[in-house]
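> Here is how the chains run, residue by residue.
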Amino acid sequence: MLSISLREELEKLASELLPEFFALLGIDLFLMLSLLTCLLDDRMPKALPYVYQIAALVGFGHLLVSQNFFTVFGDYMRFWYCFIYLLVSLANIVAVNIYFAAVNKQWTLAKVWSGVVSFPTILISIFFVFSYSYLHGVPFPLFLQIALIVSVIIMGTSVAIFLSPEALRNRLRGKGGGN
Amino acid sequence: MNLREIAFKKPLKLLMLLMTSVLIATASATIYYSLTMQPQVTVIAPVLKFSTAPDEPTGSNVQDSWCSLNASSYPNATLTYEKAVYINNTDGGSAHSFRLRHVSITPANGTATVGNWTSIKFLVYNSSGYVFSLNYTVDSTNWILNPSSGQTSYYSVPQSTGWWIRLETLSPATAGTGNNCDIKIAVDVEQ
Numbered sequence: 588m589l590s591i592s593l594r595e596e597l598e599k600l601a602s603e604l605l606p607e608f609f610a611l612l613g614i615d616l617f618l619m620l621s622l623l624t625c626l627l628d629d630r631m632p633k634a635l636p637y638v639y640q641i642a643a644l645v646g647f648g649h650l651l652v653s654q655n656f657f658t659v660f661g662d663y664m665r666f667w668y669c670f671i672y673l674l675v676s677l678a679n680i681v682a683v684n685i686y687f688a689a690v691n692k693q694w695t696l697a698k699v700w701s702g703v704v705s706f707p708t709i710l711i712s713i714f715f716v717f718s719y720s721y722l723h724g725v726p727f728p729l730f731l732q733i734a735l736i737v738s739v740i741i742m743g744t745s746v747a748i749f750l751s752p753e754a755l756r757n758r759l760r761g762k763g764g765g766n
Numbered sequence: 428m429n430l431r432e433i434a435f436k437k438p439l440k441l442l443m444l445l446m447t448s449v450l451i452a453t454a455s456a457t458i459y460y461s462l463t464m465q466p467q468v469t470v471i472a473p474v475l476k477f478s479t480a481p482d483e484p485t486g487s488n489v490q491d492s493w494c495s496l497n498a499s500s501y502p503n504a505t506l507t508y509e510k511a512v513y514i515n516n517t518d519g520g521s522a523h524s525f526r527l528r529h530v531s532i533t534p535a536n537g538t539a540t541v542g543n544w545t546s547i548k549f550l551v552y553n554s555s556g557y558v559f560s561l562n563y564t565v566d567s568t569n570w571i572l573n574p575s576s577g578q579t580s581y582y583s584v585p586q587s588t589g590w591w592i593r594l595e596t597l598s599p600a601t602a603g604t605g606n607n608c609d610i611k612i613a614v615d616v617e618q
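Quick note, the sequences are listed as chains D and L, same order. Count the first sequence with the working numbering and you get residues 588 to 766, in order. Count the second sequence with the working numbering and you get residues 428 to 618, in order.
Some clues are possibly wrong.
Stated by the list, open to error - Estimated spans, in silico, between C-beta atoms of each pair: (1) L:Gln490 x D:Asn655: 32 to 38 Å; (2) D:Phe660 x L:Ala613: 32 to 38 Å; (3) D:Val652 x L:Leu442: 56 to 62 Å; (4) D:Asn655 x L:Asp491: 32 to 38 Å; (5) D:Asp662 x L:Thr517: 33 to 39 Å; (6) L:Pro585 x D:Ile671: 56 to 62 Å; (7) L:Thr517 x D:Gly648: 46 to 52 Å; (8) L:Leu442 x D:Ala682: 23 to 29 Å; (9) L:Gln490 x D:Leu674: 49 to 55 Å; (10) D:Leu735 x L:Leu442: 37 to 43 Å; (11) L:Thr457 x D:Leu622: 16 to 22 Å; (12) D:Leu622 x L:Ala613: 50 to 56 Å; (13) L:Ile610 x D:Asp662: 42 to 48 Å; (14) L:Ser495 x D:Ile641: 54 to 60 Å.
Hints were generated in silico from the structure; no laboratory data involved. Cβ coordinates follow ideal geometry from the N, Cα and C atoms, glycine included.
Use the sequences and the hints to build the structure in full.
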């Protein structure tokens, strides 16, 4: 009984999710990026925190437009422009990660960033996008859900290995030594 | 730029960014919340409807959700429209309450032409008799409302029942013909 009522409550909550939620998520991600790049400003371009603040402001304007043309834009269009905004914010998170790893050669920082920022934000975004699409009539079969989880785990592991190849080398060497 | 300046600059920058971030996040969340609160408005038929009655003044217009009564008044004689308009509860399942609420009146208080009327009364009746009323009486050049608040209490109309408004008008002997008085009254219905 408890599981049924909890499921109903979750479905009710998720059914109230509007496409603009992705824009809101994107704004929050940009704001988070702004604060983090400010904290790491000795490793990043000085103007970057302000650029991200402006990007968040653009998202705010985006929400304002959505509010005023709520009835004019259809659900489909609203979803796509909000989703693209979210994708842009996620792309920026990944870009910062790549910047640390490839440009600055700061592997430790890049690993921490991927584990603390990139990976969770991408996972949360995927969760909300699929919750939204599922509850708006787009079926998301079980095998695809499992495939998604598996691919996310593989992606996370691959990024970690890519960013610290010596760990993999040590592991392989350890195994080789054992033989 | 010395070391102290640099140490001071970074926290200040962070604080400024933190403040603007909180501001943007709050404003965005407020807009999103307002979007989730977008109401869906469906047109439905009113449950309490006006309908034409036998003593409806000539030239009146009675619709389901509003009516315009084109009444007259005689100098020094009370003119009564016994059943000016019906108010029917068309809901067969439950009772609904309504009240009369004054909205506006012209000529306004302080105007000399107000003296062309003595009283205009809107009395609500049911099959058992008088229920309540909203009355306009004149004191010199001012309209006096009864109840003084300009609105009556709510009264419940039983299911599938019709009540009616009795309209009484009276002008003083000195009233000039051709003067017009416009009264707007709201009928507030509790669904």
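> Hints first: check each against the structure and report whether it holds.
Here is how each hint holds up against the structure:
no. : hint                            : in the structure
1   : L:Gln490 x D:Asn655: 32 to 38 Å : 33 Å, holds
2   : D:Phe660 x L:Ala613: 32 to 38 Å : 36 Å, holds
3   : D:Val652 x L:Leu442: 56 to 62 Å : 30 Å, violated
4   : D:Asn655 x L:Asp491: 32 to 38 Å : 33 Å, holds
5   : D:Asp662 x L:Thr517: 33 to 39 Å : 36 Å, holds
6   : L:Pro585 x D:Ile671: 56 to 62 Å : 58 Å, holds
7   : L:Thr517 x D:Gly648: 46 to 52 Å : 48 Å, holds
8   : L:Leu442 x D:Ala682: 23 to 29 Å : 26 Å, holds
9   : L:Gln490 x D:Leu674: 49 to 55 Å : 53 Å, holds
10  : D:Leu735 x L:Leu442: 37 to 43 Å : 40 Å, holds
11  : L:Thr457 x D:Leu622: 16 to 22 Å : 20 Å, holds
12  : D:Leu622 x L:Ala613: 50 to 56 Å : 53 Å, holds
13  : L:Ile610 x D:Asp662: 42 to 48 Å : 47 Å, holds
14  : L:Ser495 x D:Ile641: 54 to 60 Å : 56 Å, holds
Hint check: a violation occurs at hint 3 only; the rest are consistent with the structure.
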